[in-house]
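For the record, the sequence lines run as chains A and B. Per this note's numbering, the first sequence runs over residues 1 to 427. Per this note's numbering, the second sequence runs over residues 1 to 94.
What the hints contain is simulated information worked out from the structure, not anything from laboratory work. From the three backbone atoms N, C-alpha and C, an ideal C-beta is built for every residue, glycine too. Careful, some of the hints might be misleading.
Computed footprint of chain A on chain B; a stretch qualifies when at least three of its residues, placed anywhere within it, have a C-beta under 8 Å from a C-beta of chain A [unchecked claim]:
1. 26-35
2. 63-72
3. 78-88
DSS-like, lysine-lysine: derived pairs with alpha carbons at most 30 Å apart [to be verified]:
4. 3(B) with 122(A)
5. 29(B) with 384(A)
6. 69(B) with 384(A)
7. 419(A) with 29(B)
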Amino acid sequence: MAEPPAALNSGHAIEFAPGVHWIGALDPTLRTFDIILKTANGTSYNAYLIRGSEGVAIVDTVKASFSEDFFARLESVASYDEVKVIVLNHLEPDHSGALPELMRRAPNAKLYISTRATSMLKALLKPDGERFDYTTVGTGDTVSLGDRTLRFLHTPFLHWPDTQCTYLEEQGVLFSGDVFGCHYCDARLFNDKVGDFRFSFDYYYAHIMRPFKQWVLEALAIIEPLKLNMIAPTHGPILRDRPRRYVAHYRELSSSSLAGRISDDERSLIIFYMSSYGNTARMAEAIATGAEQVEGVRVSLYDLEGGEVEPFVDLIEEADALLFGSPTINGDAVKPVWDLLSSLAVLNLVGKLGGAFGSYGWSGEAVRMIEDRMRGLKMRVPLKGVRVKLIPSDEELAVCDTFGREFALELTGQRAGGKVVDMADLA
Amino acid sequence: MAKGKVTFEDIDTTVNVPAGTRLIEVSEKVGAGIIYGCREGDCGTCMMHVVEGWNNLSEPSVLEQKVLKENMAGRHDRLACQAQVIGDCVVKPT
Ligand SMILES: Cc1cc2nc3c(=O)[nH]c(=O)nc-3n(C[C@H](O)[C@H](O)[C@H](O)COP(=O)(O)O)c2cc1C
Ligand code: FES
Ligand SMILES: [Fe+2]
Ligand SMILES: [Fe+2]
């Protein structure tokens, strides 16, 4: 086996299993990836070449600006007319950047992408105005290289809709795309050789995979039964030493982080609020009191002023329903509310119930704006929120109480069904 | 004016709407569980299942059919941001 880093520098492929080569690129100076991630020691774009008795396959390419490294490494072990198969595990530009040029150079190659990738491929090839033939594949589909077989696993949404993994059956190598990847640039390439990348691995999961936990679990269900000698992701170390540890770790990370604190037969409702003169705070308390009357709901009340975003994000991930209270200040909800509501992109909020309430002086925009934001975040907003002009009266606090109770009934599925309403009354 | 009744099965609620209303206009207001992404028939996020009254929704366009296919829609699935109500129907999130 060739030993990096010398071979890395000289534009050579690294063979890490018989006929299986790393032909990627290192990007050690990158410090921010995709806007949302910090990359303290850069990243790598791993691409792979597999040689079978009847042709060569390429799995993923590199970011366009690293094409030269990629092609040099490819040419060191194969000629373009040998390439029969090109697989893209997802179409993000950091892995599809060299695709158009590769397709041009490899006239005998067929492109394999996931069923969900077709319209994205078209959008990516716009600048070149080119069209390439492709074959869409799903779980169970295979392509033969003679003595070797690539099997496709449909693992959508990890982290793009079109994500798939590709499994080299005879050698038990899983080309997993961004799954099991991390931004960790190290020329030693393999998990048993590189520095301590545990932080990078978890950080990558937290920012890229966390919103898709349900999909991770579905993907794990088809990955776990495989015989796994190695996992070859598109970023960071190749996991050849005890690869199953990373699969188990993904399962752990995708399971509930606060499990066991709230009992199974209760739904968790969290009420967040901000208040300058205590009006919205009193509404929050009345709503909490109302909600608590409902069996099967555990209510938590938090003043946003006394907390930080990160732990609140963890709380929200495990909650079944959220209510936000904000006064209207200068025609808007207050910043801590938006700070929290703009930090939830790492979560999947689909199916959680949302609602809003607040005190206001003359126009009261905050409540509707929060409701719209919650809908935008794909939460379900079942009740129109309560707005109170300045100081809540006893009657208005009773309305808050009722709102809390109705919301909790909705949360526990106890609200009377069979309702018929007119569209005009919904606005 | 012609009307249609849309029943959102997940929240057991029926809304009377004028014919021609897009599902998206109703479902969010009433707090049903269908979710939206692009809101213009491109992403497939709003895929819903039509439980009854398949023929009481406007015909899917060629583009909608393409998006449905790419998102592996089942039989009687539609995009809620595209389908218009022309009669009574029952829908639910996929
Ligand atoms: C981590 C990540 C998540 C993304 N999520 C979405 C998404 O949810 N919806 C979407 O339409 N595009 C999504 N995209 C695609 C980007 O919007 C797309 O690549 C865009 O062209 C980037 O534009 P820019 O070159 O101006 O940064 C995502 C991209 C990345 C890297
Ligand atoms: S919301 Fe994107 S297709 Fe309907
Ligand atoms: Fe990616
Ligand atoms: Fe990537």
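We went through each hint and held it up to the structure:
Counting residues of the region 26-35 of chain B whose C-beta lies closer than 8 Å to any C-beta of chain A gives 8; at least three are required, and the coverage claim holds. Judged by the Cβ-Cβ criterion of 8 Å, the region 63-72 of chain B is covered by chain A as claimed, because 5 of its residues qualify and three suffice. With 0 residues having a beta carbon nearer than 8 Å to a beta carbon of chain A, the region 78-88 of chain B misses the requirement of three or more and the stated coverage is violated. Our distance criterion of 30 Å between C-alpha atoms is broken by residue 3(B) and residue 122(A), whose separation comes to about 40 Å.
Taking the CA atoms of residue 29(B) and residue 384(A), the gap is about 9 Å. The hint holds against a cut of 30 Å. A threshold of 30 Å between alpha carbons decides the hint, and for residue 69(B) with residue 384(A) the separation of about 36 Å lies outside it, so the pair is violated. For the hint linking residue 419(A) to residue 29(B), the alpha-carbon distance of about 14 Å falls within 30 Å, and the restraint holds.
In summary, the structure is inconsistent with hints 3, 4 and 6 from the numbered list given earlier, while agreeing with the others.
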